[in-house]
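*Asks:* The residues making up each chain are set out below.
2 protein chains.
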Amino acid sequence: MRKNYLLTPGPTPLPPQISEAMSRPIIHHRTPQFQAILKEATEGLRYVYQTKNDVFILASSGTGAMEAAVVNLLSCGDTALVIQGGKFGERWTEICKAYGINTEVIDVKWGRAVNPLDIQEKVKNNPAIKVVFTTLCETSTGVVNDIAAIGRIVKDTNALLVVDAISGLGAIDLKTDDWFCDIVVSGSQKGLMLPPGLGFISVSPKAFKLIESSKGSRYYLDLKKAKKALDKTDTPFTPAITLIIALNEALKMMKEDGLENIFARHKKMADAVRSAVLALGLKLFAPEAGSDVVTAVCLPEGLDGEKLVKTMRDTYGVTIAGGQDSLKGKVCRIAHMGFIEEFDIITGISCLEKVLTQMGYKFTLGTGIRAAEETFLKK
Amino acid sequence: MRKNYLLTPGPTPLPPQISEAMSRPIIHHRTPQFQAILKEATEGLRYVYQTKNDVFILASSGTGAMEAAVVNLLSCGDTALVIQGGKFGERWTEICKAYGINTEVIDVKWGRAVNPLDIQEKVKNNPAIKVVFTTLCETSTGVVNDIAAIGRIVKDTNALLVVDAISGLGAIDLKTDDWFCDIVVSGSQKGLMLPPGLGFISVSPKAFKLIESSKGSRYYLDLKKAKKALDKTDTPFTPAITLIIALNEALKMMKEDGLENIFARHKKMADAVRSAVLALGLKLFAPEAGSDVVTAVCLPEGLDGEKLVKTMRDTYGVTIAGGQDSLKGKVCRIAHMGFIEEFDIITGISCLEKVLTQMGYKFTLGTGIRAAEETFLKK
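Chains as they are written, first to last, in my numbering: chain A, 21 to 399; chain B, 21 to 399.
Heads up, some of the hints might be wrong.
[Unchecked claim] Not the full set, but computed from the structure, chain A residues with beta-carbon under 10 angstroms of chain B:
| # | residue |
| --- | --- |
| 1 | Ser43 |
| 2 | Pro136 |
| 3 | Leu137 |
| 4 | Pro147 |
| 5 | Ala148 |
| 6 | Pro215 |
| 7 | Phe257 |
| 8 | Asp334 |
[Said to hold, decoys possible] In silico lysine-lysine, DSSO-like type, Cα no more than 27 angstroms apart, as pairs:
| # | chain 1 | residue 1 | chain 2 | residue 2 |
| --- | --- | --- | --- | --- |
| 9 | B | Lys129 | A | Lys117 |
| 10 | A | Lys288 | A | Lys229 |
| 11 | B | Lys350 | B | Lys129 |
| 12 | A | Lys330 | B | Lys248 |
It is worth saying that the hints were derived from the structure and are not from the lab. Keep in mind the model is a prediction, meaning the values are calculated, not measured. C-beta atoms are modelled at their ideal positions from N, C-alpha and C, and glycine is treated no differently.
One chain only, chain A, in its complex shape:
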């Protein structure tokens, strides 16, 4: 009889249209029927990416798409700069190191955004840097980076800009072309409201030039193969057919809604969560650079954050995320991304109020909800 509510930064809840699409009989992928879907989905991705570049669909998680960026652009002994301010920035470093890339790192304090000028300095001082790896929204901290400013800086250098937009694409603004992003990677289970299992990667003509000359080893993630296939509306290997059919449905929904409305809705959801947790007397982990997709909340000193998240989930069916690595037990992360509406937020905050009270934290019950409601009533 228990109902479940998902407020996690991936997977995000599935719209009923997506569930329906996932349940359809399978079709073969080398057919005009599937080709039409692949073509439409690729166009839809271009809309969400705000790009004229090719966008490739991989049968992989987002990490597979990140690896595709690294192994196609660089080879052993090349140099890259990684902006690292959380678990997913660190993933760029890990992938680069696994492939023998010399990796310079800008270590940003968790909870802060990178200062774009620091990137400028690093790239100026080391002309060997071929690629700058960044993160749009760092899911582990909720921080959003200023990709527009970073893009303006990197475009005047010899380096390429790669953005991990796994968390954020289709939820907050990312102008791939206007912001000079050479490669943008993403995944299906976040802003795109799908189950996990698809990776996406957009590639600029400038990036393709580097790919052409790069000697890095790759096969399954080879973007030259992907390009050759996509030019014939095909995929190099068996695609994740069902997920691509669902993707196409999600993209149609998003196009109908319009990116501006989607971004405005995410901002409203985020504003409501931020105002609610502040009204409860809690602090935001990233007060200056908090994203509109996930909010990390500092929990009261002494309160067991792991237990809070577990109780909300296992006792009341409301799943939010806990802290990762050094933040374990100290923060909780409430996502407001994808197919999330006003009353999902109300449910999440209400459950948070309930469990905080049960765990002995003192505040006037309903304070968070009132603040959220006030936000929602604003024009």
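Fit chain B to the supplied structure of chain A, relying on the hints for placement.
*Replies:* Quick look at chain B alone, frame taken from chain A:
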């Protein structure tokens, strides 16, 4: 109003239980609820694989799992032997070459199985060979190789045996442990009756020893990461949650049915197809080594095979596969794998009879169906 019928060697039709599982609301992957499913699915895979080894589930197509075998076992400059008798054997060679592996090849004539003694000779003559890459069922030709005999030979050498069982696992016999298969890779969209998007890979303790010492670059497909995660009933990266939930349902169905019954059903379906096409006066492309999962049929001289397949699909909704590469237009391939029953075969043969007749091929209408029915009536 048109009904569609799928008789292709991947994807294969989805049972209604699988479609239902695919349409369920998404759950989060770092929860006890998903862990229980992952554990059960992993156990179920061990049953289908007939192994005590670890079996890892990747968010990738089958080719991703093939690449995982190569990049985890070998590094640049190592030597491998590839058995190549069709498009998918060739894929091993392509992957090995992409990673700088010295690749010896046994080129088997398309339509024939490899002679295991040829492998013995090659491995004996070149002790540098670390891995032998083979294919259980070569989808492009319908040939099944004698993995049991190959296993007996390779186990007495220093080389490891890797089997591509993407086509075949869960449809025809493959005793991973008894046949000394160190690594067996597979995919979701064939015998396992699921949409594409999952790769599987089993790893023997002997293979893990080589993986430990191998210096090959890898990250997303790193099996050491996969092992570390699986030991905690987890995955290193976001798994394809929905597909794994559906996998678990499929594996439960298969366990209930029992491998012996499943293999017997596949044999009966294959026998019916073979007898039908012979009764129609057509020839089998692989008369001596035809598999029970897909049958390649030689089409009459002068008959346009591409048009045959296209007409069956686009006019009558019956999708079979055409020939690949050098077989283009010359053969058609009828799959009888996964969730396929007697009357699916009847439908496929009936449509073949219809279009063959329309294209001017002479035979007594109903001859193929009669032969199939006779086969089905046999005990």
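*Asks:* Going through the numbered hints above, which ones does this structure break? Give me the numbers in ascending order.
*Replies:* Hint check: 2, 3, 4, 5, 9 and 10 fail, others pass.
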